[in-house]
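Student: What follows is the residue order along each chain.
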Amino acid sequence: MYLSLNWLKDFVNIPESITPEELGLKLTMHTVEIDKIKKQAEKLDNDVIFEVDNKSITNRPDLWSHYGMAREIATFLNVKLKQIKSTPLPFLVKGATKINVKIEDFKLCQRYMAVALDEIKIEDSPEWMQKRLISVGMRPINNIVDITNYVMLEFGQPTHIFDLSKIFNKSIIIRNAKNNEIIKTLDKQDRKLDNSMLVIADKEKPIAIAGIMGGVDSEVDNSTTSILIESANFNPILIRKTSQKLGLRSEASIRFEKFLDPNLCEIALVRIVELIKEFCPKAKIISELKDEKKYSLNHNIIKLDLEWVNKIIGKKIKEKEIIKILQNLGFGIKKNKNILIVTVPSWRATRDITIAEDIVEEIVRIHGYNNIQSIMPKTEMGNLSNNQEHLLERKIKNILSLGAGLSEAHNYSFVSEEQINKLGFEKSLALKLVNPTVAHQTMLRTNLFMNLLENVKCNQAMEEVIKIFEIGNIYINKPGNIEKDNKINNKLPYQEKHLAFVLANQQIKTSISNNNDLFQQAKNIIVYLLNYLNCTANFVQASLIPNWADNKIYVNIEALGKIIGWVGKLSFKTSSSLNIKKEIVTAEINLQELFSLLINQPTLKYQELPKFPPIIRDLAFVVDEKILYNDIKQEIINFNALIKQVELFDVYQGNKLGSSKKNLAWHLTYQTNRTLTSLEVDKIQADLVEQLKKVFFIQIRDF
Amino acid sequence: MNMKDKLLQLKDQVLKQLVNTKDVSVLRNLEIKYLGRKGELTKILRSVVDMGDVEKKDIGKLANNIKTEVINKFAEVKNSILTKTVNQSFVDVTLPGKIIDHGHLHPVTQVQNELEDLFISMGFMVLDGPEVESDYYNFEALNMPPYHPARDMQDTFYLDHKNKEKKYDLVMRTHTSNVQVRAMQKYGVPLRCIVPGVVFRSEATDACHDHTFYQLEGLMIDKDISITNLIAVTKKVLNGIFKKEMEIRIRPGYFPFVEPAIEIDIKCTICNGKKCSACKNSGWLELLPAGMVHPNVLKYGGIDSKKYSGFAFGLGLTRLVMMKYGINDIRLFNSGDLRFLKQF
Chain A
1 MYLSLNWLKD
11 FVNIPESITP
21 EELGLKLTMH
31 TVEIDKIKKQ
41 AEKLDNDVIF
51 EVDNKSITNR
61 PDLWSHYGMA
71 REIATFLNVK
81 LKQIKSTPLP
91 FLVKGATKIN
101 VKIEDFKLCQ
111 RYMAVALDEI
121 KIEDSPEWMQ
131 KRLISVGMRP
141 INNIVDITNY
151 VMLEFGQPTH
161 IFDLSKIFNK
171 SIIIRNAKNN
181 EIIKTLDKQD
191 RKLDNSMLVI
201 ADKEKPIAIA
211 GIMGGVDSEV
221 DNSTTSILIE
231 SANFNPILIR
241 KTSQKLGLRS
251 EASIRFEKFL
261 DPNLCEIALV
271 RIVELIKEFC
281 PKAKIISELK
291 DEKKYSLNHN
301 IIKLDLEWVN
311 KIIGKKIKEK
321 EIIKILQNLG
331 FGIKKNKNIL
341 IVTVPSWRAT
351 RDITIAEDIV
361 EEIVRIHGYN
371 NIQSIMPKTE
381 MGNLSNNQEH
391 LLERKIKNIL
401 SLGAGLSEAH
411 NYSFVSEEQI
421 NKLGFEKSLA
431 LKLVNPTVAH
441 QTMLRTNLFM
451 NLLENVKCNQ
461 AMEEVIKIFE
471 IGNIYINKPG
481 NIEKDNKINN
491 KLPYQEKHLA
501 FVLANQQIKT
511 SISNNNDLFQ
521 QAKNIIVYLL
531 NYLNCTANFV
541 QASLIPNWAD
551 NKIYVNIEAL
561 GKIIGWVGKL
571 SFKTSSSLNI
581 KKEIVTAEIN
591 LQELFSLLIN
601 QPTLKYQELP
611 KFPPIIRDLA
621 FVVDEKILYN
631 DIKQEIINFN
641 ALIKQVELFD
651 VYQGNKLGSS
661 KKNLAWHLTY
671 QTNRTLTSLE
681 VDKIQADLVE
691 QLKKVFFIQI
701 RDF
Chain B
1 MNMKDKLLQL
11 KDQVLKQLVN
21 TKDVSVLRNL
31 EIKYLGRKGE
41 LTKILRSVVD
51 MGDVEKKDIG
61 KLANNIKTEV
71 INKFAEVKNS
81 ILTKTVNQSF
91 VDVTLPGKII
101 DHGHLHPVTQ
111 VQNELEDLFI
121 SMGFMVLDGP
131 EVESDYYNFE
141 ALNMPPYHPA
151 RDMQDTFYLD
161 HKNKEKKYDL
171 VMRTHTSNVQ
181 VRAMQKYGVP
191 LRCIVPGVVF
201 RSEATDACHD
211 HTFYQLEGLM
221 IDKDISITNL
231 IAVTKKVLNG
241 IFKKEMEIRI
251 RPGYFPFVEP
261 AIEIDIKCTI
271 CNGKKCSACK
281 NSGWLELLPA
291 GMVHPNVLKY
301 GGIDSKKYSG
311 FAFGLGLTRL
321 VMMKYGINDI
331 RLFNSGDLRF
341 LKQF
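Sequences listed follow chains A and B, in order.
Residues in the first sequence are numbered consecutively from 1, following our numbering.
Residues in the second sequence are numbered consecutively from 1, following our numbering.
Keep in mind that the hints were calculated from the coordinates and are not lab data.
Computed from a prediction, not measured in an experiment: that's the story for all the values here.
Take the hints with a grain of salt, since some may be wrong.
The calculated BS3-like cross-link candidates involving lysine-lysine, where the alpha carbons are at most 27 Å apart (straight line), are [said to hold, decoys possible]: (1) B:K73 - B:K11; (2) B:K166 - A:K245; (3) A:K491 - B:K73; (4) A:K315 - B:K307; (5) A:K82 - A:K334; (6) B:K22 - B:K57; (7) A:K55 - B:K267; (8) B:K162 - A:K241; (9) A:K107 - B:K167.
Some chain B residues near chain A, calculated using beta-carbon distances under 7 Å [to be verified]: (10) S25; (11) A204; (12) A207; (13) A232; (14) F333.
Using N, Cα and C, we set each Cβ at its ideal position, and we do this for glycine too.
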């Protein structure tokens, strides 16, 4: 909204010593932020325009006008505000034209004032009014339309003027629209209505959408001579709903939806008639004044305990100052010992000010927040429940970045349908946005690595090796375990924290690549991470291999007996469909699962140092490549209780071994609570070899 | 030549050769030649075993003495050679250290960690909350019933999910304030917590706006919490982040879930208050909307507003990171561009 300094000066004497910049700053510091101050040209009377931050006054219907702002200025400058003389309406005319007004539902329209005038001459409005309207960004149209706009900007009350001759039978009814009723609004658009909306109608048709926009059929035009002025108050929620449904916001609707003071109807109507008479001296009132209303002006009375006020502010503000501030703002004050009985003025009482805290705000903002010292709170020390999951997350980020050399990326929570399709994910599991801002971000991610692949794409031209991780939420379209609202058994969609990383290296050369170095690297990172967190990682074969993965190179990650994630290589087919030119291995871990495993793990306990030395023996053998490490390891560790540790230290595959064979080399640690002899260990190891020959057909390799 | 002469001759020979030795590898060869496993001196020593008793005693003693002398001489020569070499060879001490490759934490994570530590030191808990949130916790419980005009302040992403009244009732949370009532319900009073996290607004993106960014919510509820407390705590935090006394200004704001509501601005870190484009020529940067928790919100959280009061604030974390590092395009944060990420 724009404010004209000249206009404000109609209502408040701003001392010459205060520059527009100072005034703008004071408004910012006491009332509402002024975004910009603009000086107008000489032909616009050297006016100064203040641009108000609209978002900060959605609670202040009174501030959508010059008079309301003038009241604020008068208060913080502590100068006089020009009072609006509410002259009784001298409109009762004998032998008048009869107009009818009927409100069907006073909940939707609590007041409707109307009066008819004749001998109107449509022409341009006077120069002074045009200048003011132009100054605040409004286009002059003709004297009658300009007057309604002017009065709206002056007092904040939107009004509407109909061409009286275009209203059937001079009777209007304020009613709900009929379903599929159509009205052509002033912007020349056909609007299809429904019965949740409110219209002003004559017997035949709707002539305006209440509080939003008038209809073309009853529009004032150059040949208009008689008019009907409407000054009404409509239900703010109804206005807002209708305006949202129709996608139609107007200067009127943004004011009505803020809960306007119904008393304003009268002030605005008086002012409009006054201006019409000034511009069209021949104009005369031809009807009686209609004032259909059913409302109780809720003059809130709030008891204000001054001691409590000082406690909430944390500073003692003098009673005299408090009273002065409130009176300047239009509040009524009565005193009863240490209690102020505060009457809220009608323009603040519709919704804005209802509780004592609201009054505290009035006092403290006019007093000035910067006049309050700062004092640290005094509180009791409480039981601190530290967020273990959060600490673990931080630890994991540090291990991955500082230890394993990965860089942390943040990605949007959104993905495209195309991404989901290309990777072959179940689309129905992804939540969908109703109002996405761009076409490639319409769904919510169901995993993290989808977007990490996009990161590879954006970096692949510049970086040879790419190592990125991300920690963030994934979202699934099925009920989770977080309470949704205050109703029982309502749950939010499933969302949980995941960790994912990608490793990318060199160009893909052929469709079949035996290079599983990256895969090994990825596993190394997982083992490193989990070791750091005091648990061991196992890799177990997955029963289902997802579509996007190379079906040979994909495995589940197991920690503390639970599957917590997977690591896999992107198949050539997937890479090329995504335009990825590098070899990619990616892993994803369910952090929520890992957190709960780690948190429930017993604390690390010191192991007494062994009293008897271990004996370490190496063992190397050749075995069919399809025989799994996990199985062999299990066999060895279960073979004899003296075998305490089994560590694979080398894997070799090559032509020398013959096709589809691998050589595995192990360190076996024998240990117990007595001194072991070489002979004893040799015997066990020899038996072990026999056993392995039997089970896995191993061959001891002759070096 | 008898054994004794042979030994003495061998000794002279060795010592003479040692005097002329200037190189460690030559020395090593000599060592092997005479003292090695098959060395000349070793051979003689070994042959002593086969001698007669008298001879064995004499020659054995002599041989051992000579061996000791030779070994000592070797050590002495080696030492002197090494000392000389070390003194002679030049070391370019300015050669660079080898870079040990490390990864990088996202700048938002780094600043977030700093802030968390700051608040933890003042006894605040760090909480998480859902990012897909109900209309109830994101708006209604924060004193923004349906059709409240203040909902316009935040362009909201709705999810394609309707409730029984056929209304969209799930949103991408528009602020971390969604955790306020959840925290009150879960932990009760007194309460001191922060909630760092990602929030969403359905806005078109440009260098200054993104539909996804980070906030850090703060909430403190206790007996006798006042506006001066709010100002003091936020000041402490700002000084802690910027590591100097920050100049701030406080002005009224409007958020339905606090009353009174304030905006805390810091003096523009780019122009230091001289007015520039970064601060829209005001000299101040909007950083911290805050206020006293509205009694209605306390009520939703099950807290008696007659006994307790509290403050809340919503720090613009992403904005703070931009200020701290002078980042001029907000879209870089979610770009995954390693040229950006590796700078931190």
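Student: What are the numbers of the hints that this structure violates, sorted from low to high?
Tutor: 3, 6, 10, 12
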